[in-house]
Each structure stands twice: as C-alpha cells, then as structure tokens.
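Visitor: Kindly generate the complete structure, drawing on both the sequences and the hints.
There are 4 protein chains.
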Amino acid sequence: MSSRPMDWENVLNEIDSIIQPSRGQGRVADYIPALATVDPMKFGLAVALGDGNVHTLGDADEYFSIQSISKVFTLSMVLRKVGDELWESVGREPSGSPFNSIVQLELEGGIPRNPLINAGAIVVTDHLVQQQGADATIAELIERMRTLASDSAIHVDQAVAYSESEAGSRNRALAYFLKSFGNLRSPVEETLKAYFSHCAIAMNCRQLARAALFLAFDGTDPISGIQMVSSKACRRVNAVMMTCGHYDNSGDFTYRIGLPGKSGVGGGILVVAPGNGAIAVWSPGLNEAGTSEVGSLALETLVRQTGWSVFV
Amino acid sequence: MSSRPMDWENVLNEIDSIIQPSRGQGRVADYIPALATVDPMKFGLAVALGDGNVHTLGDADEYFSIQSISKVFTLSMVLRKVGDELWESVGREPSGSPFNSIVQLELEGGIPRNPLINAGAIVVTDHLVQQQGADATIAELIERMRTLASDSAIHVDQAVAYSESEAGSRNRALAYFLKSFGNLRSPVEETLKAYFSHCAIAMNCRQLARAALFLAFDGTDPISGIQMVSSKACRRVNAVMMTCGHYDNSGDFTYRIGLPGKSGVGGGILVVAPGNGAIAVWSPGLNEAGTSEVGSLALETLVRQTGWSVFV
Amino acid sequence: MSSRPMDWENVLNEIDSIIQPSRGQGRVADYIPALATVDPMKFGLAVALGDGNVHTLGDADEYFSIQSISKVFTLSMVLRKVGDELWESVGREPSGSPFNSIVQLELEGGIPRNPLINAGAIVVTDHLVQQQGADATIAELIERMRTLASDSAIHVDQAVAYSESEAGSRNRALAYFLKSFGNLRSPVEETLKAYFSHCAIAMNCRQLARAALFLAFDGTDPISGIQMVSSKACRRVNAVMMTCGHYDNSGDFTYRIGLPGKSGVGGGILVVAPGNGAIAVWSPGLNEAGTSEVGSLALETLVRQTGWSVFV
Amino acid sequence: MSSRPMDWENVLNEIDSIIQPSRGQGRVADYIPALATVDPMKFGLAVALGDGNVHTLGDADEYFSIQSISKVFTLSMVLRKVGDELWESVGREPSGSPFNSIVQLELEGGIPRNPLINAGAIVVTDHLVQQQGADATIAELIERMRTLASDSAIHVDQAVAYSESEAGSRNRALAYFLKSFGNLRSPVEETLKAYFSHCAIAMNCRQLARAALFLAFDGTDPISGIQMVSSKACRRVNAVMMTCGHYDNSGDFTYRIGLPGKSGVGGGILVVAPGNGAIAVWSPGLNEAGTSEVGSLALETLVRQTGWSVFV
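The listed protein sequences correspond, in order, to chains A, B, C and D. Heads up: the first sequence begins at 1 in this note's numbering, then just goes up one per residue. Heads up: the second sequence begins at 313 in this note's numbering, then just goes up one per residue. Heads up: the third sequence begins at 625 in this note's numbering, then just goes up one per residue. Heads up: the fourth sequence begins at 937 in this note's numbering, then just goes up one per residue.
Calculated directly from the structure, the hints in this document are not laboratory data. All C-beta atoms in this analysis are idealised placements derived from N, C-alpha and C, irrespective of residue type, glycine included. A few of these clues could be false.
To be verified - Calculated lysine-lysine pairs in the BS3-like style (CA-CA distance at most 27 Å, straight line):
1. K193/A - K1129/D
2. K193/A - K81/A
3. K705/C - K505/B
4. K856/C - K705/C
5. K42/A - K232/A
6. K978/D - K1168/D
Unchecked claim - A partial selection of chain C residues facing chain D, derived with a Cβ cut-off under 8 Å:
7. P718
8. T771
9. R859
Guide: What follows is the structure in structure tokens.
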C-alpha cells in the first residue's frame, strides 16, 4: 500500500502507550472455570507480515483459548473440502439479532444465518465430521495450524474442551434443533465433540497471526506457498468476517477497525489486512457484546497508525 | 494500489461484454406505477475518479429514481448536523432479518437497527426535519448534490414522491410506531413528506457517482475541496454501507463486490472504492433480495478488473 | 343451575367484606389524563339476571370509560352485520404474547390473531365503518346499548376520545400496518375515529351488565326479547372472551373466575355467566397485565359464592 | 343441568349418523411408523358419567397412543406432588403461536408458556423425575390410571416410546434449551425417557374417559372416592385445557365444543364436562392444527345433543 517501510517499533510503542491506561478493562468470560480464572491484565499482540516477519507486543507468546476464532479455520477447511455445496446448509448474511440464533433458526427452517454464529459453525463442523469423524477432523485442523505457524506446540486444551461440553446445553439444543430440521449429518455428540475441541484450541498471538496469514494473501500462505483455500473462498471468508465476525457489534467493529476479523470470548481477536498481513490480539476483558475491549482499542490504534482500514 | 494507470476503455469493454447476455434479467419493482413502467433493458454505469474524470457506459446519462440510495446522503447530512447524538436514536448493526424491520423495532424498544433500513432512515430524516422542516431539508439536500455533481438538473420527481406517499402505508406504520416509542420528533406527515421526497430524487449515474465521491476520499470531495463530513463520519457511513447496504443480501454483496455500497429498488447501486473513486450503476431488474441483478454483475466485473475489492 | 333462589344480599355482603381491605390496590392507567385522574378507591359492581333484576354494590351507578370492553359489543355487531366472512380478516385464537400484536401481525401477513387485541378490534371496527361510516357506526352502537340498558344516558366521552386519538400512535401504526397488508377497507383516520370513540364510551356497572345480558342467554336479550346475535355468534363471542379476553393474563383469569370476560384499562371487567346473568365490575387499579385487581378479586368471590364457574 | 335423564342411545345414534359420512377424513400423523400405520377409518367414543356408567360407540375398546393427552395426567400428578411451586418454572397462558415453542422459550428466558405445550410438559415431567426418577414416575402414573379405570391393561407401548425417542430431536432441543436456562432439574435423557414413555401410553376410549372422570368432579373420582387433586388444582387443569389444550386451534375448539379438552396427535381427544362426565374420542385423521377431525365433529354433536357446552 505505502511505498516506504512501516516503522513497526513506533507503531507498537504507540499501541502500548494507548492501551496501558485501559489494561484490565472489560469483563472476563465466566461461564466455564478455565476462562474465568484468566488474569484480566494480560495483553498480547502479534502482526504477521507477508515477508515472514512477525512483530509482537506484550504477552504475545502466552497461550489462550481461541474459542470462536477457530470458526474461521473450520470454515476455510470446509470450503476447501466441501466447496460451495456448504451454502445449501448455512447462509452468509449477518444475523443481527441480540436474542441469538435459535429464534431465527426456527423461523428460517433450520438454516443458520452464517457460519460464524454457533448454529452455523456447528453445521460447518458437522460437514467435516461427516467426512472423516471427529478425531481426524481435529487432528487435521491442528496439523494444518502447526504447519502454518511452524510451531508444533499448538494443541487442544482438553480441560477447556471438557468444560465446554459440560456447560454446553445451549449448543446441544442448537445441534438437536438442527437435527430436527435434517440439517445435521453426523451423530450430535460426535459433531459436538469436534466443535467443543476446536473451540478449545490453545494458541498464542504469534501462532495465530501466522496461521491466518493466508487469508490476507488470497488464500495462499505467502511463506510456505501452501494454498489453503481458493481465492474465491478466501474472499468469502473475509466477507463473512467483515459482516458477521463480532456477534452483535460487527457493525461497530467494522467501523472502528475497518478490517475483517473474528472475536472469541477467550479475549482473542483475529484481524486480516488484505495484502498486508494478519493481526492477533489478546486481552481477556470483554465488552458487552463479547469482544475484547482492550484488544479492540489496540486494533483501532494499529489501523490508525498503519492506514490499513479498508475505508480510507 | 497499482502504479500504472488503469486502462478504463478496456475495463468498460469487459463489463459491457459480460453484461450484454444478461440484459433485462431480474424483476422490475412494481409497487408504484412510476417504477413499474421503466424499461428493463436499460443499463448505465459511471465511475468518478479522484482526478475529476468520469468514465461511463450505456445509459449513464438517463435519469432514474435513486430510492434508498438517498439514505446514504441523508445519513451523511445528519452526521454533519447532528453528529454522534444520532446514535442514541438509531443503531449501526446489521438487521439481518428477512421479516423486516417492525418486529425488531418492537423487540428493541423503537430503536431501528441501522440508518439504512426504512425505520432507521425515517429517524435520520426526522432529525433533519426537526431542525429545519421538510421543505428546507429537501432543498438543502438537492442543492448539495447539485453542487457536488456540478449539475443543476438533479431534482425530486414529484410524481414518484406522490406515488410513494400514496402507497406508503407500511412506512406510515413504521413512523407511527417510532412515534409511539417517542423516537420521532416531528409530525409524522412532515417527516414522511421529506422521506418520500428524497427517495424520489431523480439522478443519472454520472451525477450519482460524482455526488458520492467525497465518501471515497475521507469525507472531502476531491474536486471542489468541500468537506461534506468528517473523516470519522465518512468511515462510519462506509462501514454501515458495507454491513447493511443491501437488504438481506448485504453479506453476499460484500463477498461478490467487496466494497461499501447501497442498493435502491429503482435498480441503482452506488459503490464506494475508498481512495479510488465512486461508482454508480443502474439496471432496473432486481434479484430476489431487491438489488439490481445486472448492476451487481457489472460491479463484480469492474472490481475484478480494477482489483478494487477490499478483500484482495 | 341451583334450584333454590340465590341470596344476593349475602353474596354482595361477602364480596364487600372481601374487597374492602384491598380497595385502592393496583396501578391506575395513566397514558391519557382522563384515565389517570380517576379516584383509585372507586369500586362498583352490578349483576344483571335473566328475570330483569339487577343487584348492585358500591359505585355501581358511577360512569367510567369502558375502553376495551367495547370490543365485545363491536364484535357482536359485526357478526350480526357481516357474519362469518369476518374470519377471513381476523383469527380467533389466543395471541399469547407479551410483546404484543405487531410482531405477530407481520409474521402472519396482516391477519390479527383475534378480535379482542387492538389490531383485531380495529379490523372489526373497520368492517362496520366500511358499511356505514364512522358516525353512523357509533350512533347505532350507542343506540343499541341504550335500548338494552333502558338508559339513554350512555354516551361517548368526547374528551377521552380526543385524548385517545392524540395518544394513539401505536394504534395508528397498527392501522397503517393492516392497510399495508390490504386488511383495512376504510380510510385509516375514519376507522380510527370510530375505534377511539367506542373505546371512550362512558357507562356505569348497572348499564354495562344490563347491556351484555344477551350474551348469557344465547344471543337474545331475555328482557326485551331482542335477538342481538345468533346463538352461534353468541357462543363464538363467549369463546373468544374466554380464551383471549384479558391480554396476557387470560389463562389466569379463566382459572380464577372460570367465566368468559373482557377487561378494559379503565378498570372495568365484564363477565358473562351463561344461563345465569351478566356481571360488570369496576375498580381503576390494574394488575401488571392490565386487568382490574380489586375487580378480579370481587369476581372471584362472586363466582365462589354463586358456583357459576364453568369448571365446577 | 337438566332434570330428566339423558337418552344416551339417542345421543350416540345421532353422533354415529353425523360422523359416518366423514369417516377417514384428515391426515394421520406420520412422524413415527407406529402412528403412521393406524387405520384412518377407526372411530371410538366413550362417555363416563358420575354414576359409574360408561356409554360407548364404535371402536371404544381399541387401544391407541394417547400422546399429548398424557400431559393432563402428568400435570395433575405434579400439582398434587409439587403444588403451586410449579408455576415458577412454567406459565399458564396460551402460547398462541404457529411457530411453536422455542421462539417464545428464548424470548421469555426459558419459562414455557403453559404445561400443555411440549416445553412446558417436559418441565412438568422433569419435576416428577427429580422426585422419584423416570421409572418410578411412569410406574406410578400407570398405576393411578389403572386404578381409576379399574383396568390393569393400560400400558406403555414400548415400540412407540422407542420411536418417539429416535425421532425426538426437537424435544431434545427443547430439553437442552430448558437446561441452558437452568429450568431442567434432572439429566436430560432421564427426563426425556419419562416424557417419551408417558406420551406412548396406550389406552382405549373407555379407559381414558374413566381415568379422567375426577376432572369433571372437582378433583375427586366420583366412583372410587379417591381425591386425585385439590379442587383448586382441578380448576386449574380445566382452565389450562380450555385455553391451551389444542395447539393453535384452542380458540376454535373452545368455540365449537365449549368444554375443556386435550388433543393428541394419535387422534385422541379428551374432554371434560364439569359436573357431568368425561368424554374420550378417537379417530386418527387430524386437521391442519393436529386435532382429530372426525373426533371434533363427534364432540360437537355430543355437546349439541347434551347441552353440555359451558357457553349456553
């Protein structure tokens, strides 16, 4: 975009000075113990660039639960394996509703609005599970992420996965509801096993930014040259992130950050800057809509410093 | 983005060859006679650039009813005059619901989801009407557009405005519903007069692309130097267009075109390419969601040729 | 039902002793001044029997605004004049929803759930207005009630009607919404004029019980012998009152009182005891669902004393 | 009600002559094989009176699946065992919505509208299961019905129960959804085991009418003298049946039959005539709302002949 090289030291210093007074703000997710006990003062950020460089700040090497951010990777995976047939079982429009998915699911005959709300992500996972079962699905997903991030330490936090399953009545209700509409192909518990597992993937910011770099480069990882998804599928994933990536504050996030992204209740946010790079930020305190509060602030600053917003 | 100049003749030729076989596709809006009688074979396109050049194709100088596209201009106007206070009376999140606005309006206590759905646009217009009345609001709006487009022929089609009002029971229901929640400041008929009038503005593609150029340049028209809105407000307008600009196919539009835009049931689409230009396209046949079918195809081609999608 | 004559003095004494400690309970409707200023300590009750006797208690001769109770009379009138054709434009099932009518109205294509919710009652009134205009409709309605009650003092309280219209944005929204679905035949304001007028009818308990006696005797007033509605229509009115007569506490009312009835926000309740008589009670304080609190208590006592509940 | 004895031979002959031309009408439930294969020409009816007499017509001794009619018995049972505390976890108002329970369940925070819709009946069953487990609950329920009907042949059709469970995704979704709101006390599968079992109870009309006779006599079986529920609870059950007993045609049923009742998709209908008796009718063909078509016709005739409607 710009001809002179970005002064990353300066950018990161600016972010650091902006977020320091806000550290610890927001409310840590507490529906499972494994999330509730995370230190709210944590903050990490990593920017992965097309040339292989990764710039980091703070707790960028500390692991956290990526939660819903995993939906971006399962969506990419299913588009590679199943292709456009996916769109017969899930939509790609914003859900835009504070009383979430199950109402729309009933009104729309069991077709979730998009692949980033829970019901839609369950359908995505179910397609993968149908092809190869839960264990192989998770194994392949983890393997891919390790390869992209060149780091074999990425793993599923089994304690978190177990807790998710224990606390998972609402997701079970969604899954059985989908099944009652004929929109679930595998046994409910098999699909949910995979779903809870990928939500429980533990990564750090450095790994996450690196693993998502292909989304900023038309579907192909610029470092390894591996094509993760087609150019068309890559654009689709970015578009869905832009319109649906942040629960009921997707509109606001799009305005403030101006880039496709996905939030997780673990406090992580993944953002894609097409042609430039991928950014992962983590700070556990969430705003009312479930997006990391300090993370959003950091991204807003980064975008202002880099001029990466798509709207300017 | 690219360093060498765009070959516009080639781009337009490519668009022309792609859309010719599809001319006439889609269904012309027929809820008022003035729209129903438009020739479905019409097609026009104009690209306004930052350097003042406007490239056109087909019926780019023919007038059409801009309908909901006007909401982008009233939103810009109210952000200039009222500012962020607006967001107390209207949201900025996608509505994402096929059974449109009134259900959400009731569930969310009379606060429309965003300024581009009818209920939200009525609130926007109402703020303007409260400040200066319906007639002065429309006069100022038209005057601004004439100035930006350097063309005094832009006007309200009074026959269309009259028909809109005659057929306007649902919009009246929305307005009274807003009023019952205390979210309408002016007399209902005064606000609706302005609303129906701006929806009935007649423009051609050339004028429309030109008038919207400020949205591609951070709020300031690059030709005249007039600041229409602040940089912040401009980004907000673009973000809202990106997530909410095309009824219930905003997600799909964002994927296919990858640019902020706004559709109107008259068959027009306005698209903003930040830093590059503004594009207006017109073709009366609509897809099921109410967006111009051939218009979308033309934009998809243009974006592929120019590389202007924000996702690549 | 019972062979020995009812000891009405005893029944009324029992009611009186039960309600005295509760006088003034509940919340007086305050959305228009004319209702807000009513003395909350008021309490009246009248029981009209098939033999022409009317037993009263308290402020039974004081006028109050019958509000939604009028819907029972317009429903009877439209069933006489229009007949079963009515059911093409309005349903007869409980609405059962705390977020009231407009949501269902949209989801069900403009057909209100039943004639006792506002949207349904507007459709009923509209049928009458279509036949003879607003003024003649109201004139005939009042005339009928005067004849049945043998009391020419029954009248429309014009101040209340005016206030209703002034505060009537939500009802206007409903009416325009119905119109947008093609389910309103007359001009909106003409229909609403009649609607607001019949809601503003002022009666006392004695008149109201007397005027409704035909509903307890299969459609024919047992005193004058006038057939108000067919036996079939009478049963329909009673059934609709039983399932839908009291907003979102119809189920509870049916349990406690066990008789068809209709509440009004003016604090009146009309109850029909088939084969026995009609009861009107009035006490301005409402419970959370909008039904007179002390009025319900009085009716519960009356039913216990008389054994008139249909469930025992 | 009437002093001279009812001529039951004449009443049953009249019913028979009315229903014969309609035999086989309606659509047999086909979501599980065990129901789909029932002969649509079947028709049975039994009237149990307070004096111990039972009058029957047609296939009154043939067993059928009582399905949702069982909800009346579990409701009675839970009111005896848990009492009014039940109403903290389930409402008693009509649901009145064609897009059934799960939407309201979400909007109303996990509290079902009433105990006769599936979600509400699951909560009722869950209370029983919490007290004594699934097996003992069903055992006690069956034992009670056998005692009341003086017939030890009443049983759970295990094949039906198994099929219900196999096809039970929607009910599982409801149960997990209730659990996610904290409104399910027992393990989901344990509660559902009891729920599917009581829906699969096989009875004939004679047994069913006899077993329900207590509901017509203030909660106490007039033959054995056993008090099944308190007078107050009995009135509550009858009121809930009257307003909510027949899915989305409760209003229409109340008008046509004028008595509290409950339909099952097996084609059975149970009706209570307070002070007079209990009627069970069975004919497998259902109307659009899921109520037995010929069964309704038979009940309409019976009520006309007996004068038992509560509205005349």
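Visitor: Hint by hint, say whether it matches the structure.
Guide: So, going through the hints one by one against the coordinates:
no., hint, in the structure
1, K193/A - K1129/D, "23 Å, holds"
2, K193/A - K81/A, "20 Å, holds"
3, K705/C - K505/B, "38 Å, violated"
4, K856/C - K705/C, "14 Å, holds"
5, K42/A - K232/A, "36 Å, violated"
6, K978/D - K1168/D, "36 Å, violated"
7, P718, "3 Å, holds"
8, T771, "24 Å, violated"
9, R859, "5 Å, holds"
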